[in-house]
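Residue numbers (the numbering used here), protein chains in the order written: chain A, 2 to 244; chain B, 11 to 105.
To be clear, the hints were calculated from the coordinates, so they are not data collected in a lab. Note that this is a predicted model, so its numbers are computed, not measured. For glycine and all other residues, C-beta sits at the position ideal for the given N, C-alpha and C. Be aware that one or more of the hints could be misleading.
Unchecked claim - Okay, derived cross-link-like pairs now, EDC-like style, lysine to aspartate or glutamate, Cα gap no bigger than 16 Å in a straight line: (1) A:Lys229 x A:Glu28; (2) A:Lys177 x B:Glu89; (3) A:Lys118 x B:Glu83; (4) A:Lys177 x A:Glu78; (5) A:Lys177 x B:Asp84; (6) A:Lys118 x A:Glu28; (7) A:Lys118 x A:Asp172; (8) A:Lys152 x A:Glu28; (9) A:Lys177 x B:Asp71; (10) A:Lys55 x A:Glu131; (11) A:Lys141 x A:Asp31; (12) A:Lys229 x A:Glu85; (13) A:Lys118 x B:Asp84; (14) A:Lys152 x A:Glu138; (15) A:Lys55 x A:Asp176.
What the hints assert, rightly or not - Chain B is nowhere near these chain A residues, computed Cβ spacing over 12 Å in every case: (16) Met8; (17) Asn9; (18) Thr10; (19) Ile11; (20) Lys36; (21) Thr53; (22) Glu78; (23) Asp86; (24) Leu87; (25) Val96; (26) Gly104; (27) Asp121; (28) Glu131; (29) Gln150; (30) Glu163; (31) Thr223.
Chain by chain, the residues run as shown.
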Amino acid sequence: MSMFGRMNTIFQAKMSKVLDKAENPNETLDYSYQKQLQLLQNVQRGLADLVTSKRRLQLQHDQLQANLQKLDDQAREALGSNREDLARLALQRKVGVQQQLQGLDTQIAQLETQQEKLTDAEQRLRTKIETFRTQKETLKAEYTASEAQVKINEAATGISEEMADVGLAIDRAQDKTQQMQARAAALDDLVATGALTDFTAGGQDDIDRQLTQLSTGNDVDTQLAAMKAQLGHTDQKQLEASQ
Amino acid sequence: MIARVSGSGQFELPDSSIPELHEYDHRLTEALHARDAQQFHALLAQMIEYVREHGTAVPHDTIVPSSIIIPPEDITLDEAHRFFTDEGLMEPVPA
């Protein structure tokens, strides 16, 4: 089946739930209208969930950002005490946190896009529901006329399609929200453990860690060298000042 | 004819656009079956761009059914596959 054909089947499946329930046209209109109002509430709930997820990720972002500074301070302190091994650990962790931060940036941006789309969908649906409400009373009054039946079907099908589309948007937003919540839960550990003593905690096994070391080694070496140079420079200045 | 871009609303296009859109549909389906994500996203973006360029947005207060429904522009290849197999995202067609 083609993509269009498949999309149509998906929509028909969602629409049939709204259209098949009522026996007579007046009932179809009223039943559909009730469903529309329910759907509008669902969109609003979906939006609220999305915003909650986004806030949580933003909060984690802020906390991880604070951890970066802390790890940097720790590395500096460790180097000052001639504990290069500890400084290395802190910087390795810092690189890991930086990678997580980049991932979070992407996800927060994705949630924002989804939020905009859902907000637009809500606006469209709200306007269409208002149009439908007016049309439905007119159509009810003309019910005896045979052409009213055609109009009723068209209005009911048109609004059902809109509802199916909004329903799909909510499903997708919920999917995304769930993914983000799982991710946020996994990140909580990382956010909570900023200190070196907790470095060995967390889900990584030894191989994971060694792999990370391979990829982060260069970055750590560069940062270590920079810190050493800075400290050396400061020591030299202090030496000169005391002479 | 009316085309819906799922998640982005409806557009009215001249009937002369129909063959072009069906050509896109054909190539999109091929890319999906070949699991060619790059081609799939490129074609979908082109098709939606075509609809926006050649069509006029249907006003919010107009209730009208669509002739064709185009997948959401940010759909992933996995999601599109699930659309085809009734897994997860979509509920199966009732008997």
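Interface exclusion of Thr10 (chain A) relative to chain B, criterion Cβ beyond 12 Å: Violated, since 6 Å does not exceed 12 Å.
Would the non-interface assignment of Val96 (chain A) survive a Cβ cutoff of 12 Å against chain B? For Val96 (chain A), whose nearest Cβ neighbour in chain B is about 29 Å away, the distance exceeds 12 Å, so it holds.
Verify the proposed pairing of Lys177 (chain A) with Glu89 (chain B), using a straight-line Cα cut of 16 Å. Judged against 16 Å, a Cα distance of about 12 Å means the pair holds.
Is the nearest Cβ of chain B still more than 12 Å from the Cβ of Thr223 (chain A)? holds, 34 Å
Consistency of the no-contact label for Gln150 (chain A), given chain B and a CB cut of 12 Å: holds, 16 Å
For Leu87 (chain A), which was marked as not at the interface, is the minimum beta-carbon distance to chain B over 12 Å? holds, 42 Å
Just want to verify: Glu78 (chain A) was marked as not at the interface with chain B; is every Cβ pair farther apart than 12 Å? holds, 45 Å
Is Lys118 (chain A) within 16 Å of Glu28 (chain A), Cα to Cα? The hint is violated at about 32 Å.
Non-interface claim for Glu163 (chain A): all C-beta distances to chain B beyond 12 Å? violated, 7 Å
Straight-line Cα separation of Lys152 (chain A) and Glu28 (chain A) no greater than 16 Å? Judged against 16 Å, a Cα distance of about 15 Å means the pair holds.
Starting from Lys118 (chain A), check that the Cα of Asp84 (chain B) is at most 16 Å away, please. Distance of about 11 Å is within 16 Å: holds.
Please confirm whether Asp121 (chain A) is truly not at the interface, meaning its C-beta sits more than 12 Å away from all C-beta atoms of chain B. Given that some Cβ of chain B is not farther than 12 Å from that of Asp121 (chain A), nearest at about 8 Å, it is violated.
When the structure is compared with the earlier hints, violations turn up for hints 1, 4, 6, 9, 10, 16, 17, 18, 19, 27, 28, 30 and for no others.
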